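Protein sequences appear in the order of chains U and Z. In this text, residue positions in the first sequence follow the numbering used here: the first is 28, and each later residue adds one. In this text, residue positions in the second sequence follow the numbering used here: the first is 1247, and each later residue adds one.
Mixed in with the good hints there might be a few duds.
[Claimed, not checked] As a list, the in silico BS3-like pairs of lysine-lysine whose alpha-carbon atoms are at most 27 Å apart:
#  : chain 1 : residue 1 : chain 2 : residue 2
1  : U       : K54       : Z       : K1264
2  : U       : K38       : Z       : K1489
3  : U       : K34       : Z       : K1248
4  : U       : K53       : Z       : K1248
5  : U       : K53       : Z       : K1489
6  : U       : K34       : Z       : K1489
7  : Z       : K1378     : Z       : K1360
8  : Z       : K1255     : U       : K82
9  : Z       : K1489     : U       : K84
10 : Z       : K1248     : U       : K84
11 : U       : K84       : U       : K53
12 : U       : K84       : Z       : K1264
13 : Z       : K1255     : U       : K32
14 : U       : K32       : Z       : K1489
15 : Z       : K1248     : U       : K32
16 : Z       : K1489     : U       : K54
Just so you know, these hints were derived from the structure itself, not from any lab. The structure displayed is predicted, hence computed values, not measured ones.
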Amino acid sequence: MATVKIKYRDKEYEVNTGMTVRDAIKKIGLEPEAVLAVMNGQLVTDDTIIEEGMKIKLVAVVSGGLLPRSFALTGGER
Amino acid sequence: MKCRKCGGKAVLNMRQHKLALCGEHYLEWLPEQIERFIEKYKMFTRQEKVLVAVSGGKDSLGLWDILHRLGYHTEGLYIGLGIEQDYSDSSRRLSEQFAAERGLTLNIVDVEEKFGATIPELSVISNRGRGKPCSVCGLNKRYIMNRAALEGGFDALATGHNLDDEVAVLMQNTFNWAGGYLARQAPVLPAHDGLVRKTKPLCRIYEREMTAYCLVRGIEYIYEECPHAEGSSTIYYKEILNKMEGDRPGAKLQFYLSFLQAKESGLFANAEEKVDLHPCARCGQPTSAPGDCSFCRMWDKVKLVKKTVAPQPELVSMLA
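Take these sequences, add in the hints, and give me the full structure.
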């Protein structure tokens, strides 16, 4: 069976053609809610069937360090 | 999957809304939603001046783009924190590029230029945050945002906190039964006692939706995470919440909306703590500390340790 490469951050994964993008995301151990798939430069929905020759990149959607537990105060809170 | 509006190829499927849209219709739909929330929560009007806090990331740049497209009167505020590994340099460059492309005004406050140390240096010198600069960073950003908004005569401050941010904080505060924090978490915090009105227009927008917006709209944003965010509790909670969302689409939104309803019905009314704020004896910013605020005291330590003649916080203008 043919395979295609999926790029995520600085890693590359190989998955079989014929499966959906959502299944491929799960197969490589990622959470489908936490990434978006870009195929040949276009954003695609995760029900897209992976076909031979496709170039797929996953974009992480999660960001964040320490978020304020509340915004009520400014620099002088303590 | 097809776009519900035109039948074309969808680029995003929002399972929580049972809605898939093509690029063109998504770029129309998202600003409409945000405008609806701005009006619903009475954040600001088109007659008011809004300061948008931008970090070079997807949420803040996406928000500024949307507010500009909707015709709100905005300026941006970028705070240079001096974060290593090229993080601050890249985020500043992207914020400047974004503003220049749209002919928007970006106010820049570089912490090192203004006060004589970067945030990571300040964190070490002030010995706060248990080896991580995040709490010092948050405190400085909140202080600078408030002071810059007041100095510039802005009616409101808008930040790019999205639904995932709100729900992660909500989960953390719920696990800790932090009643005071739960009572204060809201889409809008009205102005009072020297604090500018704070608004979160993206509070009902998924992080995934903001990423999709920037990708479709072609907004270049800083993709790499702040090097200090690794292992943060927020990311930990977001991962758990995304797992729940995967199993039950809409779980995050439901959690947040139920919380707002519970708050509205008075569930946290008794938890509200009356914080006695008064102006800092030196800079005049509101503080609950007696005498000088923690911002002024923190920067005093820098002057002692670095033996610099960094300007006094009370004498520095944020926007000059």
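Here is how each hint holds up against the structure:
A distance of roughly 24 Å separates the Cα atoms of U/K54 and Z/K1264; the hinted pair therefore holds under the 27 Å criterion. With a CA separation close to 22 Å, the supplied pair U/K38 and Z/K1489 stays within the 27 Å bound. The hinted pair formed by U/K34 and Z/K1248 meets the criterion: a straight-line CA distance of about 25 Å does not exceed 27 Å. Distance hint between U/K53 and Z/K1248 is fulfilled; the C-alpha atoms sit about 23 Å from each other, no more than 27 Å.
Proximity of U/K53 to Z/K1489 is assessed by CA-CA distance (about 11 Å); at most 27 Å being required, the pair is judged to hold. Taking the CA atoms of U/K34 and Z/K1489, the gap is near 21 Å; set against the 27 Å cutoff, the hint holds. Using a Cα cut-off of 27 Å, the hinted pair Z/K1378 and Z/K1360 holds, with the two alpha carbons roughly 22 Å apart. About 18 Å separates the Cα atoms of Z/K1255 and U/K82, which keeps this hinted pair within 27 Å; it holds.
At roughly 21 Å between alpha-carbon atoms, Z/K1489 and U/K84 fall within 27 Å of each other, so this suggested pair holds. As the CA atoms of Z/K1248 and U/K84 are separated by approximately 21 Å, the hinted pair is consistent with the 27 Å bound. Distance hint between U/K84 and U/K53 is fulfilled; the C-alpha atoms sit about 14 Å from each other, no more than 27 Å. As the CA atoms of U/K84 and Z/K1264 are separated by approximately 25 Å, the hinted pair is consistent with the 27 Å bound.
The suggested pairing of Z/K1255 with U/K32 holds, with an alpha-carbon distance near 23 Å, which does not exceed 27 Å. About 25 Å separates the Cα atoms of U/K32 and Z/K1489, which keeps this hinted pair within 27 Å; it holds. For a cut-off of 27 Å, the pair hint linking Z/K1248 to U/K32 stands: about 25 Å separates their Cα positions. For the hint linking Z/K1489 to U/K54, the alpha-carbon distance of about 15 Å falls within 27 Å, and the restraint holds.
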